[in-house]
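*Asks:* The primary structure of each chain is shown beneath.
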Amino acid sequence: MTSRVMRDFDLLLPESVAEVVDLLTRHKNNAAILAGGTDLLIALKFDYAVDNVISLALVPGLAELTFDPEKGLVIGARVTIADILKSPEVRENYPALWQAAKVFATPQLRNTATVLGNVLRASPAGDCSLALLALGGSVLLKNSRGEREVDIDNFWISYGVTARQDDELAMAFKIPPPAAGQKSAFRRMTRTTEDLSKISAAVSLQMGGGTCQTARVAMGCVGPTLVRLPGVEKILEGAEISPEVLQEIVAATAAEINPIDDKRSSAEYRLKVAGVLVKRVIGQALDNGGNN
Amino acid sequence: MGEFEVVGKKVERVDVRAKVTGGALYAADVQMAGMLYGKIVRCYDYAHAKVTGLDLTEAAKCKGVIRVLGPDDVTRKEYNASVLDMMVSTDMRGVLGDIDDQNIFTDHVKHYGDAIAAIIATSEEAAERAAEKVRVSYEELPVYLTAEASKQPDALQFRPEKPGNLAFQLPEMAFPDNCYAWGDVDKSFEDADIIVEDTFYVPKQKQCQMEPGSYIALYDDQGRLNCWTSTQMPKLVQKKLANLFELPMTRVKINQTVIGGGFGARLGMVLEPETCALAMAVPGRPVKLLSTREEDWVTSPSRHPGKYWMRMGFKKDGTPVACDARFENYKGAYYVDASGTAFTTGAWLGGMYKFDSLRYHGESYYTNQSICGAFRGYGNPQTNFVMEQLIDRGCAELGVDPIEWRKKWHKTVGDDGWCMGVPYNSCALDECLDRAAEAIGWAEKREKYKHQTGTVRRGIGVAVMNHTSGAMPMLLEHTVCDVLLHQDATATLNLACSDMGQGSHTTLRQVAAETLGFPYEDIHIATGNSDAAGFDIGAHASRTLYVGGGAVKQACEDARRQLFERAALELEESVDNLYMEDKIIHVKGASNKSISVETITDQGVNNFMNPETGERIGQPGQIQGYASFFPPHNAPPFGTTIAEVEVDTETGEVRVLELVNAHDVGKAIHPGVVEGQLDGGAQQGLGMVLTEETYYDDKGICQNNSFTDYKMFGPSDMPKMTNILVENADPTGPFGAKGVGEAGLVPPVGATANAIFNAIGIQILEAPITPEKVLRAIEEKGDII
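For the record, the sequence lines run as chains V and L. Residue numbering for the first sequence follows numbering that gives the first Met the number 0, beginning at 0 and increasing consecutively. Residue numbering for the second sequence follows numbering that gives the first Met the number 0, beginning at 0 and increasing consecutively.
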């Protein structure tokens, strides 16, 4: 049961990354980071209790979204979903991420919620997170001892749990530059338009000479974390994407997922439509990225 | 009917400026000196349990706590939060079997969220913190969520006077064999060539009004109980509170605050009893009680869910010979509105088609769900979902066009209406059907969609409905209005009619302006003060414009008559020889003989004597028009919706592409207001048929009492929509108007279900029709055409 009243906590307003790291070193799991706050503030009205909330509002250098054709995309910790939508480079080079941002929650939430916050939430229903899993990349973490990068494939441990240590600040998400012939797309199903995903899929395909060279295929809401579908990727790699191959993928998808019954849908339904969704998101990726 | 000056115009609504600028004062916004805050301690662990221990000691010690209240610290008098029992005679109340079975705080939890105790503290935070310290122990009892479960012989009995947990069935004394019926159904079925039959499920839909329950109460130093509430029914709540706390009505005052949506959720009392009980525990201090959304969800009523069985018989030529139906609703934990919906669900059924015979059973069973009560349409959407799907199944078997069949067999002027013995006095449903069919291209699309291939299929479907303007003659219909003419020839209407956002204060003001012959700007509508206003039933049954408007019209006619009588005296002419134009009363054919309305109203108030003659100048006395109005009929609105959908047969997803709503509104007093009602109604109708349902786990714990997991249609889900207003003046409505508050919700329900049937050849029997159900049905059938 929710409340109209938030837990008591100290709001800390550091003005540099070093200060944030210092605070995290001191408070560890008794502190929460506030960037967009769209998950945190709700959690604080339920049963999540921490004594310290560390706001990133006054920390310089974290709100930058930069694209370099050689180095790829860097998404700073305070970059919002709306910032993603405003970026022509993201739309052009990483359609899956742009499409996920486009349907993400509502306009008000898109203006506030951050991409990195979505990743750190470690929900199997995260939309931008799913696009990032398909595109590949890493989370840049910093603590008092230094920085490290964790590949997104290894970042989510279980529901709500990530590889981030209590004393680490997630600084940015880094996506490699797009390969020649890279196509990507995101697609989801919901109960109504403005809703959390009940099942979602994203792909990134490197096409060359009419065949798929490499593939990353990811799904949401089919297990405790967002997952990749290695069996489907294997079917795609080296194949011409023909109707027969797509049919093979439809049949193979269900074997790779482990959905449950929950309030948004049933395991039975998710198993039935997962293959259809993957087939469609592949078609969408090939169709000019599906940005239309 | 001639041209109108104000009626039929899209004048500026009286409420919009304040609402869009944030100026509107809702109960939650009201602040008072010395205000205290209440928090109700509710049971969220069980849906059915005995309270075996209640320990308030730790809570009482918390900082800021003024009082802690258990069941024995407030009145233990039982009450019925609904006001339905006040709309029938005492005799009829006995016949219906209405009972009082609610307590302010209970030691027998009957649904998730039932109230156990309360805290009064100096802040909302302090009250909530203290509420967490209340210790309650329970003995768990078996949970009955459905009628099928609670009617079992070994089930625990909710109330001794309601054996079998049957809260209500149509009473034998008024309805022989406990059914609403005409003809001999069993015999009629013998004449049928085609019989269609099925059992459907209709969902527990929630009103989802924007404003959660918010109240303030103050037991003041004059011993008066003041309550600030956004109730739809201030005068009945005034009387209900007077009864509950055993006070005369002069010592209970309702201050109605701006209503943030009602749709039936505020029909009767919700948390007024709790708030007033808290206030009476701390005399002289105002107490504010604010619900969270989750709390509002389980404490205010929902639509009645349940099993709805129906069987229809037709002759080969299409003649509808018989209809047999039974609606067993899952009433919820308390009696409130057990009788009303169980009856009306059948009334709408009986009011629609010319079956040779009909038999309807309506039964309400206690369950451990939260209470059911009024919700826009009051049984009509449930009937629409079931009746209209079976009609289309019959049409498919007969090979006839669903619109042509409906035009031939719907009831019309002279036929018995939804209440037997009260014939319809106006009906323009044929024109509604023709114009809707034309607007959406019915004939071409029906033909085209017969020959589809591929995984995405389109379909088009129709549904019709009858409704009512006020609940006469089943329930009391009465509104009192007075209109006071000020000395500057402006006027103030004083009445208790509610505007829940539907625009009624605007349209009532239009009726007043038109009747008086004054500009719209010269009228003020004063409401919200139960000390000042006379009786009004409250906003329900699409009645406010029809009955309230009738009262306004009659009161304004009374004032206008007085103006003309005074003008006649001053001008030394007969009343019949006068006319008004631009607030000047002229003598017909004599352009130089006239008197302004302002002269009359000014002289009435500022009445002086001529110092030379000693005679009064003009006619003395401030003019006040008055009406205590009982409507002669219920001006039935009729309407249709045609829906076009697209069904994705690989995923079961349904997309609504277009709705055309055509409604017989009598006369649109404010066309924008009418369209707003139809738009909003369609949004809720689509939600009921496609996405909305409150549901519980096996233990009766509500799973989706918030917008996270209860999904309404949002703006981007809404289809292209066209509203066609068919204006066929009702002989009894003010300027011909009929009620439109509920009608818009009803036919989108059946039309959407029928469009899905048209697209894939399958009827889904349980609402909401989710992709999960559609896909399973497609797989079970194996082939979609």
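I should point out that these hints are in silico values taken from the structure, not numbers from a laboratory. Warning: the hint list may mix true and false statements.
[To be verified] Below 27 Å or equal to it, Euclidean Cα-Cα: the simulated DSSO-like pairs (lysine-lysine) are:
#1 407(L) - 314(L)
#2 49(L) - 60(L)
#3 70(V) - 44(V)
#4 444(L) - 44(V)
#5 271(V) - 772(L)
#6 60(L) - 186(L)
#7 262(V) - 406(L)
#8 407(L) - 44(V)
#9 271(V) - 780(L)
#10 49(L) - 186(L)
#11 101(V) - 85(V)
#12 698(L) - 262(V)
#13 173(V) - 271(V)
#14 780(L) - 101(V)
#15 314(L) - 353(L)
#16 262(V) - 306(L)
#17 44(V) - 62(L)
#18 698(L) - 132(L)
#19 444(L) - 719(L)
#20 44(V) - 186(L)
*Asks:* Next, verify each hint and record whether it holds.
*Replies:* Verification of the hints:
no. : hint            : in the structure
1   : 407(L) - 314(L) : holds (14 Å)
2   : 49(L) - 60(L)   : holds (26 Å)
3   : 70(V) - 44(V)   : violated (41 Å)
4   : 444(L) - 44(V)  : violated (51 Å)
5   : 271(V) - 772(L) : holds (12 Å)
6   : 60(L) - 186(L)  : violated (72 Å)
7   : 262(V) - 406(L) : violated (42 Å)
8   : 407(L) - 44(V)  : violated (58 Å)
9   : 271(V) - 780(L) : holds (16 Å)
10  : 49(L) - 186(L)  : violated (50 Å)
11  : 101(V) - 85(V)  : holds (10 Å)
12  : 698(L) - 262(V) : holds (16 Å)
13  : 173(V) - 271(V) : violated (34 Å)
14  : 780(L) - 101(V) : violated (37 Å)
15  : 314(L) - 353(L) : holds (13 Å)
16  : 262(V) - 306(L) : holds (22 Å)
17  : 44(V) - 62(L)   : holds (20 Å)
18  : 698(L) - 132(L) : holds (24 Å)
19  : 444(L) - 719(L) : holds (16 Å)
20  : 44(V) - 186(L)  : violated (62 Å)
Figure legend: structure checked against the earlier numbered hints; hints not met, in rising order: 3, 4, 6, 7, 8, 10, 13, 14 and 20.
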